[in-house]
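Chemist: Using the sequences provided together with the hints, build the complete structure.
Protein chains in written order, with my numbering: chain P, 310 to 626; chain S, 310 to 626.
Everything labelled a hint here was simulated from the structure, so no lab data went into it.
It is possible that part of the hints are untrue.
Since copy identity is lost for identical chains, a pair holds within one copy or between any two.
Distance condition first, Cα-Cα at most 20 Å in a straight line; then the derived EDC-like pairs of lysine to aspartate or glutamate [unchecked claim]:
1. LYS357 <-> ASP373
2. LYS357 <-> GLU407
3. LYS331 <-> ASP463
4. LYS459 <-> GLU326
There are 2 protein chains.
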Amino acid sequence: MKPQLIYKNEIVKNLKEKTVIKLIEEGFALLSRGEVVLAPLSSLNFLKPPGDCHIKAGYIKHDDVFVIKVATGFYDNPTINLPSGNGLMLLFSQKTGELIAILMDEGYLTDIRTAAAGAIAAKYLAPKKISCIGIIGTGTQAQLQLKFLKYVTDCRDAIVWGRDPLKLEKYAEQSYLKDFNIQTTLNMDEITRSCNLIVTATVSRSALLFEKEILPGTHITAIGADEPGKQELDPAIFRKADIIVTDSKKQSAKYGDLAYAIAQKIISLSKVTEIGDIILNKKPGRTNEQQISIADFTGIAIQDIQIAKTVFKSLKK
Amino acid sequence: MKPQLIYKNEIVKNLKEKTVIKLIEEGFALLSRGEVVLAPLSSLNFLKPPGDCHIKAGYIKHDDVFVIKVATGFYDNPTINLPSGNGLMLLFSQKTGELIAILMDEGYLTDIRTAAAGAIAAKYLAPKKISCIGIIGTGTQAQLQLKFLKYVTDCRDAIVWGRDPLKLEKYAEQSYLKDFNIQTTLNMDEITRSCNLIVTATVSRSALLFEKEILPGTHITAIGADEPGKQELDPAIFRKADIIVTDSKKQSAKYGDLAYAIAQKIISLSKVTEIGDIILNKKPGRTNEQQISIADFTGIAIQDIQIAKTVFKSLKK
Numbered sequence: 310m311k312p313q314l315i316y317k318n319e320i321v322k323n324l325k326e327k328t329v330i331k332l333i334e335e336g337f338a339l340l341s342r343g344e345v346v347l348a349p350l351s352s353l354n355f356l357k358p359p360g361d362c363h364i365k366a367g368y369i370k371h372d373d374v375f376v377i378k379v380a381t382g383f384y385d386n387p388t389i390n391l392p393s394g395n396g397l398m399l400l401f402s403q404k405t406g407e408l409i410a411i412l413m414d415e416g417y418l419t420d421i422r423t424a425a426a427g428a429i430a431a432k433y434l435a436p437k438k439i440s441c442i443g444i445i446g447t448g449t450q451a452q453l454q455l456k457f458l459k460y461v462t463d464c465r466d467a468i469v470w471g472r473d474p475l476k477l478e479k480y481a482e483q484s485y486l487k488d489f490n491i492q493t494t495l496n497m498d499e500i501t502r503s504c505n506l507i508v509t510a511t512v513s514r515s516a517l518l519f520e521k522e523i524l525p526g527t528h529i530t531a532i533g534a535d536e537p538g539k540q541e542l543d544p545a546i547f548r549k550a551d552i553i554v555t556d557s558k559k560q561s562a563k564y565g566d567l568a569y570a571i572a573q574k575i576i577s578l579s580k581v582t583e584i585g586d587i588i589l590n591k592k593p594g595r596t597n598e599q600q601i602s603i604a605d606f607t608g609i610a611i612q613d614i615q616i617a618k619t620v621f622k623s624l625k626k
Numbered sequence: 310m311k312p313q314l315i316y317k318n319e320i321v322k323n324l325k326e327k328t329v330i331k332l333i334e335e336g337f338a339l340l341s342r343g344e345v346v347l348a349p350l351s352s353l354n355f356l357k358p359p360g361d362c363h364i365k366a367g368y369i370k371h372d373d374v375f376v377i378k379v380a381t382g383f384y385d386n387p388t389i390n391l392p393s394g395n396g397l398m399l400l401f402s403q404k405t406g407e408l409i410a411i412l413m414d415e416g417y418l419t420d421i422r423t424a425a426a427g428a429i430a431a432k433y434l435a436p437k438k439i440s441c442i443g444i445i446g447t448g449t450q451a452q453l454q455l456k457f458l459k460y461v462t463d464c465r466d467a468i469v470w471g472r473d474p475l476k477l478e479k480y481a482e483q484s485y486l487k488d489f490n491i492q493t494t495l496n497m498d499e500i501t502r503s504c505n506l507i508v509t510a511t512v513s514r515s516a517l518l519f520e521k522e523i524l525p526g527t528h529i530t531a532i533g534a535d536e537p538g539k540q541e542l543d544p545a546i547f548r549k550a551d552i553i554v555t556d557s558k559k560q561s562a563k564y565g566d567l568a569y570a571i572a573q574k575i576i577s578l579s580k581v582t583e584i585g586d587i588i589l590n591k592k593p594g595r596t597n598e599q600q601i602s603i604a605d606f607t608g609i610a611i612q613d614i615q616i617a618k619t620v621f622k623s624l625k626k
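Modeler: And the structure:
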């Protein structure tokens with residue numbers, strides 16, 4: 310059997326963003342219900358030029374398929390006019406082990422499923438009334454996070470923080486973000502003072518947001534720190550938070566901003582709730598407008614499984 | 310950039326077996342010299358139908374590429390006329406993370422690189438004079454092990470052990486093994502009495518070869534046990550062995566027949582030599598004809614890297 314080959318242009322053309330959000334929400338619920346088997350994470354790191362490769366794999370029990378996802382990040386690529394991110398997804402039969410389809414999405418689906426997770430976090434955790442959306446970071450993921458928030462909030466005002474004025478300008482000019490009224494800033498204060506829904510989506514290796522700046526009634530989604538060494542939040546922020554949510558408790562014990570806070574004994578893992586349990590109504594999410602909530606996501610294979618399945622279904626020959 | 314797609318038929322047509330053995334030997338040496346970076350192993354297991362999926366990845370330092378290899382084994386496949394093994398290899402740029410080539414070898418290259426490792430073990434560890442080759446197992450790998458031994462020994466007499474007379478008959482009739490004079494047997498004794506080069510290549514989950522049966526001057530290559538639960542050798546055999554060799558000390562501590570012997574404190578890892586160190590002449594191999602030697606291989610990504618590179622080089626457009 311020859312696997313079906315699916316290229317990025319077909320994927321982009323056929324992807325339904327709202328459907329992706331719905332299916333990934335279902336995926337988080339399946340995970341928290343114990344219906345998902347995940348392979349141990351595997352990765353490679355490169356020094357010259359700096360890069361990494363992450364391999365995630367898993368399946369839904371009693372399903373027809375399993376999925377392996379490869380995502381690469383080579384951070385000097387933009388200097389030679391290539392995107393940093395790349396990758397592909399492989400869909401196999403859970404009955405025979407045969408390769409069914411290769412989704413040569415070049416990292417696009419990883420970007421989308423990550424943005425969808427940000428929307429889901431906001432849907433369940435952000436205050437009802439969003440005054441202004443704060444985006445920390447100017448890259449592809451920082452752009453997609455804003456794009457996907459339109460499905461879960463009516464707020465169309467956003468402030469974007471970055472270190473590079475040129476990148477900020479480019480961000481504000483993105484045609485696919487034209488629904489939003491976008492301001493840019495070099496001062497983090499402007500974000501923390503004006504925004505009660507903040508998303509961090511950078512490759513930072515040290516904290517960008519600090520405890521004292523976070524006002525009551527703020528929700529933060531931290532997306533960028535997905536491996537040891539990467540960091541976006543001052544671990545002390547978690548002490549101030551009323552609600553701490555992760556995509557996977559198992560992964561957060563080792564990766565992401567939560568891992569720092571747990572290692573420094575600022576919080577214990579028992580204070581952390583999985584988003585799937587909130588979706589399933591087994592655990593409360595935000596219960597009042599003054600709470601501080603944090604969703605720290607490192608990305609899990611169930612997102613890849615769900616998006617690969619929906620893409621394959623829509624393009625199956 | 311669109312990756313080059315390479316299918317099994319092209320791979321089979323272009324593969325040079327002797328070159329593969331040479332390159333994998335070089336690969337083992339590179340590994341023992343510390344020139345190879347390996348990703349943590351990842352795998353998935355399936356219950357109904359029974360199957361597994363192994364993901365291996367790695368790269369040679371300062372090389373142009375890195376490789377991810379996926380191998381699946383679904384052991385009920387033959388009942389629906391499909392091969393048990395399947396898989397593919399992915400070749401990426403170590404400079405940009407881009408996917409360069411997809412080798413849709415359907416598991417063929419994993420079979421070949423494993424057979425090549427068996428030939429390398431025999432080259433360095435078997436007695437000079439091979440009286441008869443003993444093959445334990447009747448599957449594809451048991452066949453390929455014999456096929457590849459022709460490159461490292463002049464012996465053309467073989468006895469094959471299996472449980473199923475029909476499978477034994479099929480084995481003996483394989484046209485690509487016609488250089489060999491093949492006898493078959495249902496009695497393991499015949500193997501251990503007559504053969505001083507024995508290869509185990511089964512999916513057994515309990516010991517097939519026992520300490521008391523192993524005569525002085527025997528070399529055993531154990532290939533089949535590559536994950537927890539699989540076993541081919543009575544752990545006590547390792548106590549009797551003069552030379553114990555692995556493809557990777559790190560992996561043998563956890564997987565394969567050696568892991569049982571180490572866990573039961575029959576031997577310690579310090580008694581185990583890496584094949585790469587023997588190839589590099591840093592450690593002795595067999596020093597006399599009466600020694601008992603064992604090579605217990607679980608398969609490492611450097612083999613996949615080397616075979617993927619040579620296939621890509623020969624088929625590069």
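Chemist: Find the hints from earlier in the document that the structure breaks and name them by number, from lowest to highest.
Modeler: none
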